[in-house]
Amino acid sequence: MAGPRAPGSKAVPEPQCAEPLAGLAFVFSGELSSFSRDEAVDLAKRFGGRVTGQPSSRTSYVVLGDDAGPSKLAAIKKHNLRTLSEDEFLQLIATRNPGGGELDEKTRKKKEKEQDAIREGAREMEKREKAAMKEAKAGSVGSAKAVDTSTQLWTVRYAPQTLKEICGNKGQVEKLLLWLQDWPKSLKSGFSKPGKNGMNIFRAVMITGPPGIGKTTSAHLCAKLAGFTPIELNASDARSKKLVELVIDSHKPNQKTNAAGVEISDKSCLIMDEVDGMSAGDRGGVGALNQLIKKTKIPIICIANDRQAQKLKPLIATTYSLPFKKPDAAAVRSRILTVAYKEKMKIPANVVDQLVAGAQSDIRQVLNMLSTWKLSSSTMDFDESKELVKMNEKYAIMTPFNVTYKILGPYTFSPTSRETLGDKMELYFHDFSFVPLFIQAPENYLKTQPVKVRNLAGPEKDLKELELMDKAATSISDGDLVDGLIHGSVPRVVDLRSLICKVCRSEQHWSLMPLHAVLSTVRPASFIYGNCQQWLGQNSKQNKLSRQLNDVQVRMRLKVSGDKSEVRQSYIPALFPVIVKPLMDVGASAVDEVIDRMDDYYLSKEDWDTIVELGVDQNKDELVLKKIPAATKTALTRKYNSREHPIPFHKAQDLGKAPKKIAASEVPDLEEAFDVDEDVPEEVVEDDQGEDEDVSKDKLIKMPKANKGKPAAAKAKGKKG
Amino acid sequence: MDKFFQPQAPRQSKAQKQAADSQLQPWVEKYRPKTIDDVTSQEHTVAVLQKSLLSTNLPHMLFYGPPGNGKTSTILALARQLFGPDNFRTRVLELNASDERGISIVREKIKDFARQTPRAQAVSSDGKTYPCPPYKIIILDEADSMTQDAQAALRRIMETYARITRFCLVCNYVTRIIEPLASRCSKFRFKPLDPGSTSSRLSHIATCEHVDASPDVISALINTSQGDLRRSITYLQSASRLSSSTVPPTPITARDIQEIAGVVPDVVINDFVATLGVEGTNDMDIDPSPGSGSKSNFDAIRKKVKEVVREGYSASQLLSQLHDLVILHPTITARQKARCALVFAEADKALCDGADEELWILEVALRIHKALS
Amino acid sequence: MSLWVDKYRPRTLDDLHYHHDLTARLKSLAASGDFPHMLFYGPSGAGKKTRIACTLRQLFGPGVEKLRIDQRVFLTPSKRKLDLNVVQSNFHIEITPRLVLHSRTYLPRSSCIYTVNSEVGMYDRVVIQEILKEIAQTQQVDLNAKQRFKVVIINDADTLSRDAQAALRRTMEKYMNNMRIILCANSTSKLIAPIKSRCLLVRVAAPSSEEMHNALEYVAKREKFDLPPEASQQIVEDSNGNLRKAILVLEALKMQSPDLSGPLSIAKPDWETYCHKVADMIIQEQSPQRVMDVRAKLYELLSHCIPATVILKTVAERVVDKVDESIKADIMHWAAIYEVRMRQGNKKIFHLEAWVVKVMSLYKHSFYGIDLDDFEE
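Protein chains in written order, with my numbering: chain F, 1 to 721; chain X, 722 to 1094; chain H, 1095 to 1471.
It is worth saying that the hints were derived from the structure and are not from the lab. Since we're looking at a predicted model, the values are computed, not measured. Yeah, the Cβ is synthetic: ideal placement off N, Cα and C, and Gly gets one too. Some hints could be false.
Claimed, not checked - Restricting the straight-line Cα-Cα distance to at most 16 Å, the calculated cross-link-like pairs of lysine to aspartate or glutamate (EDC-like) are:
#	chain 1	residue 1	chain 2	residue 2
1	X	Lys1027	H	Asp1332
2	H	Lys1416	H	Asp1364
3	X	Lys751	H	Glu1267
4	F	Lys620	H	Glu1366
5	X	Lys1091	H	Glu1419
6	F	Lys620	H	Asp1364
7	F	Lys297	F	Asp182
8	X	Lys1091	H	Asp1424
9	F	Lys581	H	Glu1345
10	H	Lys1318	H	Asp1353
11	X	Lys1025	H	Glu1331
12	H	Lys1101	F	Asp182
13	F	Lys127	F	Glu343
14	X	Lys1024	H	Glu1331
15	H	Lys1391	F	Asp596
16	X	Lys1024	H	Glu1267
To be verified - Here are some chain H residues pointing at chain X (derived, C-beta under 8 Å):
#	residue
17	Ser1281
18	Lys1422
19	Gln1438
Unchecked claim - The following label-pair restraints were derived from C-beta to C-beta distances:
#	chain 1	residue 1	chain 2	residue 2	range
20	X	Pro986	H	Ser1351	34 to 44 Å
21	H	Arg1256	F	Gln181	55 to 65 Å
22	H	Asn1272	F	Lys294	44 to 54 Å
23	H	Ser1359	X	Glu750	57 to 67 Å
24	X	Arg897	H	Asp1415	41 to 51 Å
25	H	Lys1371	X	Pro916	50 to 60 Å
26	F	Val586	H	Glu1331	29 to 39 Å
27	X	Glu880	F	Glu112	53 to 63 Å
28	H	Gln1231	X	Glu750	19 to 29 Å
29	H	Ala1287	X	Gln771	45 to 55 Å
30	F	Pro629	X	Pro986	50 to 60 Å
31	F	Lys544	H	Arg1256	28 to 38 Å
All chains should be modelled from the sequences, with the hints used to inform the complete structure.
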């Protein structure tokens, strides 16, 4: 999409009143000459108008620019809508003054009603606060923790106190309440009667949904309303298997407190917050929780963000799912307006809308933004809100392909580009592990025709091009260094959310992420922007070969003193002429000799394959295998299989030895950052048959004879195998 | 050959074992100061601690300074003097870098220990009376290698249990201790030892162990260990072990010490710098054509570097010796030295990051050569 | 029938061909009964492990040569299995911490991006501790053992993480009674000072040319053929102090041309020729297309388990041989710089490539006689 032809050529007029466009609905189509679409939409919103995507009968005006979409034009015709040009639109802003009379009755009534509701809500809050204060004062000085509400966080202060105050998800909350109220009954019946919602056969519910929509609040409220005492365990509490089990134990009648020191009675309700945040430090936590759920005598409410998360799989069967949705903007708006009114902040409704939309209906975030804002000012206009939202924006995810296209495409860095460095960095953050790779992938930065060299020719062009490439390559290299700092030496993949959690506590310099962004993506691209294609690097072969090489080294170890790289660099080229070349030159008759050699070094047929595979250049595996006649190959395989071979060792699994367990307490701190799949607890159980190590070793392990003569040893081995 | 001895070997008496232990005991442990008065050349700290011994009131402490100058010895001696041998075990918890000190340990082990109220004082078995104040001491050796998390977790513990527990953090780099922790402690800086006291200490040990250590050897010990007393003592022990194990015991030489310390011999260093175009120091080496000849400079340097690498000297050691030589060189100008210093710094960083030694020795050599020409 | 290098490996201290001072020292130490912890260091192929094996034999007699491999499995808290191959005899045990494998490595989505160090243990510390504790707690059961202690050999000690080294240091003191540790490393730079100070440092320098000649001749004599001095000379020069390599090359040569006379061309290992090809490509042409070709080759080398550092060094050596004197130093300079970067970063290829581009740029500029002023720092 091309930008406006003459950006900034027209000034935004001074309107006569605060909201000249109040009550109007706009649709924009086509490209305006002075404003970009976004800017124009902003303008309309700022001055009180509504903006919709498609024209309908309720649209007041359609603002038409160049190349307006044909469907929109058709719709205009159909609904017989008024159209405006860009200038007329500006004119409208400058002159319209909706005032009292011009606003139609309905809108005004609605507004008034809204205002009333807000005032009502605020009054109620006031009342409650006062009551709380009084109570605090009345209560004995020591016991009541009289917290001055003005020092509380807004999110705490304005947390809903009644069900009515919870925004959205009314149905789910009622279900939850009902379930809790029915709990004693269902407990008595042994969870056999499904009840009205079919919930009463479950001992636990799991509330899932995006952050900041009141999951925890609802859980607490419902628990209180149903007469339970909520016990909350969240991410700040250690929730390892042991601890969770302690909670189970505490159900024994003689024990009245659990591990966290909270009293437990049959009127308690356990709220496990942030279940998906149970990390490696809380080993086995989810499994234990699941056990707990199966036999609990108190209701358990689990709260998580993502029900689909791998970790939570065990819980799906045992819990009733209560997905919470984002409340609609209107509900949030009224709530926010109430709070604003209560805090004596003057914030127009359209500003609140902007905030709510920007935060994607995350009430908590809006409240946080407002409370921060309140520190400096008690009014907020449209522009300020926009700024604020931008600062706190949540981002939609683009695919790496789009990002690569966008950043290496010709526009992002062109002089007319309006994207700031920050915007470019945002591109990187869409998928910070992939994007640098994409940029680096060959056709991306090497195949681009750098725009900067277009005007040069001859050697100068070559030089310049090389110079630019050099800078880009260096930059990528810089980027990788930063990447190294971020990720540490242990590669791991972290999703953005957990990343943010870790910023605070990890020593691993996550704060360098933006730097990585600039270095690995933005900067190289800035040197060589141009056209691009996609390519994804493939590196897994290295891992595979490296593993195989390990096997080879381990087997050769009894004979060879070199380490892995020595084996690769010296031994394999030296072995090649002995165990591969004869097959190429002599053919099947050399097979015996080759196998003898291999046995000398305890090499198996698989290792032979590895050695061939590891060849490069003239020893490249394809070339080599081509030169070995198929008959020889089969001869090798057949003969190898028919003969007996010395075996240096048996895999421990074969020995049936129980794996040594590394004590959990001895894990380094880093462990917390590790991905752990919790759903494989069965794996610990190894067949435990091997009691006597020595015996099995004697049976299965061949020892080279002490005599210096090797052949004797080989024979001895053959016998034993 | 010793059939007589063998059957008994598995059931050795305990006394025998302990005798063997004391023989094998590192001299560093054997000659650790027993009281804080024995601590050499840290007058200020010792004076302050003496006072605290009298008043038996101790703040949280933070000892810092270069390695091997008596930080750990001081706190151990102090603790011993405070509690005596009997209570030492129950009252002092010593954790160093080899112990697990992640956040979990801080949360559990340290906290548990800090939480215990010390038991009432018992009469000491050796008849002496000890002040035995009503608190415990937790010594965190090499505290600078604790993670930030672990340090942060310490903060509250230090305050909460201050009544019954004192902490002593021992570290080399005070900057690696997080600010909130450092501010809770009174800091003591341990100066590097002066050669005089080091040499007297070494001579003392040598006499006790019946080792023949000439002044030459002592000075070699001090030079190679750069003020680190522990290192000098360890070297001395290794050297004496080597010399006594040869069939006719041979006296220790300065060269032995150098070899044990992994120091590159002066000859090698001088030869190396000559190739780089550094003029030999006052003892004129027999060096017919430094850098000239048929081959170009680059190839000459490369060849020399390869030679040195083949000898297997550690690159960091080589560079630090090169550094000393270049920086203290009489005829090189300050500007040139500055350039060289830059190279050394870069190389040191690179080596810390695990860079290839050959490449970096070559890099340093080339850049010194460039700086000097 | 093993390769010569293994066939003629010295088995006792008396068989060793060079470093006689060191041999005498090791002998007396082994006899003294006060055997310390030791740290053998020196370049690859100088004979460290051979010397360790000989010393062990001196200590325990031929029994130490009864080797067996034992595969231990450790289970990490995250349910990952770590395989560790342990070579042991009744008297000693040898571990290579770098070879701790994750047999069930959890490969994340973007596994293709990271070179997953399947062999790295962040658990090396735990593994080392476990094994040492186990050894230290088992008394020497063999009544015929000459020594009361067992020996633990740790290969590649310089690749141990700092954590592991710190753990080692404590263990070294604690179990001095019935265990000795022998560390084997290429360099001491990466070992922490406390470890170094607890060990007797033994430097094993690479053999000199003469010593290598002798060793080669010894092999030739045992194999009953004449080794012409020129051939020997050529092999020694080529192997750069690595005796293992020299003997391997000797055998390869002997197979190639049984009489070893006339002009010999030492067959380089496949990867080395490949690296040289890369170097030649860089010099022949400098263009984006060429960079891509080079990258493909580099990828191939990397994926065939040639360490990036080795690639960089080999290519650089070759390039340096072929270019003008004026830019040699610069090329090596950048090689050094990018080598460090490879260590610090995660993706080797980025840095290799950056270096290649840098060299191309340097070369082109010197070709056109234009100085790159911004290349100086």
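Outcome of the hint check:
Proximity of X:Lys1027 to H:Asp1332 is assessed by CA-CA distance (about 13 Å); at most 16 Å being required, the pair is judged to hold. Between H:Lys1416 and H:Asp1364 the alpha-carbon distance is near 21 Å, which puts this suggested pair outside the 16 Å criterion. The hinted pair formed by X:Lys751 and H:Glu1267 meets the criterion: a straight-line CA distance of about 13 Å does not exceed 16 Å. A distance of roughly 13 Å separates the Cα atoms of F:Lys620 and H:Glu1366; the hinted pair therefore holds under the 16 Å criterion.
Pair hint X:Lys1091 plus H:Glu1419 holds up; C-alpha atoms about 13 Å apart against a cutoff of 16 Å. Restraint check: the Cα-Cα separation between F:Lys620 and H:Asp1364 comes to about 9 Å, which is no more than 16 Å; the hinted pair holds. With a C-alpha separation of about 13 Å, the suggested pair F:Lys297 and F:Asp182 falls inside the 16 Å cut-off, and the hint holds. For a cut-off of 16 Å, the pair hint linking X:Lys1091 to H:Asp1424 stands: about 11 Å separates their Cα positions.
Restraint check for F:Lys581 and H:Glu1345: the C-alpha separation of about 14 Å stays at or below 16 Å, so the hint holds. Distance hint between H:Lys1318 and H:Asp1353 is fulfilled; the C-alpha atoms sit about 12 Å from each other, no more than 16 Å. For a cut-off of 16 Å, the pair hint linking X:Lys1025 to H:Glu1331 stands: about 14 Å separates their Cα positions. Taking the CA atoms of H:Lys1101 and F:Asp182, the gap is about 82 Å. The hint is violated against a cut of 16 Å.
At most 16 Å may separate the alpha-carbon atoms for a hinted pair to count; F:Lys127 and F:Glu343 meet this at roughly 14 Å. Only pairs whose Cα atoms come within 16 Å are accepted, and X:Lys1024 paired with H:Glu1331 is accepted, the gap being roughly 12 Å. A distance of roughly 34 Å separates the Cα atoms of H:Lys1391 and F:Asp596; the hinted pair therefore is violated under the 16 Å criterion. With a CA separation close to 42 Å, the supplied pair X:Lys1024 and H:Glu1267 exceeds the 16 Å bound.
Checking H:Ser1281 against chain X by beta carbon gives a least distance of about 5 Å; that is within 8 Å, so the hint holds. Taking 8 Å as the C-beta cut-off, the interface hint given for H:Lys1422 holds, the closest approach to chain X being about 5 Å. Because the beta carbon of H:Gln1438 sits about 5 Å from the nearest beta carbon in chain X, less than 8 Å, this interface hint is met. A beta carbon spacing of about 42 Å between X:Pro986 and H:Ser1351 agrees with the range 34 to 44 Å that was offered as a hint.
For H:Arg1256 and F:Gln181, the Cβ-Cβ distance of about 58 Å falls inside the hinted range of 55 to 65 Å, so the restraint holds. In this structure, H:Asn1272 and F:Lys294 meet the distance hint of 44 to 54 Å, their C-beta atoms being roughly 49 Å apart. The hint said 57 to 67 Å for the Cβ distance between H:Ser1359 and X:Glu750, and at roughly 60 Å that hint holds. As the Cβ distance of X:Arg897 to H:Asp1415 is approximately 45 Å, the hint placing it in 41 to 51 Å holds.
H:Lys1371 and X:Pro916 have their C-beta atoms about 57 Å apart, which keeps the hinted 50 to 60 Å range intact. Between F:Val586 and H:Glu1331 the Cβ separation comes to about 32 Å, which falls inside the hinted range of 29 to 39 Å. Between X:Glu880 and F:Glu112 the CB atoms are about 57 Å apart, so this pair conforms to the stated range of 53 to 63 Å. At about 22 Å, the beta-carbon gap between H:Gln1231 and X:Glu750 stays in the expected band of 19 to 29 Å.
For the hinted restraint 45 to 55 Å between H:Ala1287 and X:Gln771, the CB-CB distance of approximately 31 Å leaves it violated. At roughly 59 Å, the beta carbons of F:Pro629 and X:Pro986 sit within the given window of 50 to 60 Å. Checked against the hint of 28 to 38 Å, the pair F:Lys544 and H:Arg1256 passes, with Cβ atoms roughly 30 Å apart.
Hints 2, 12, 15, 16 and 29, counting from the list given before, are not met by this structure.
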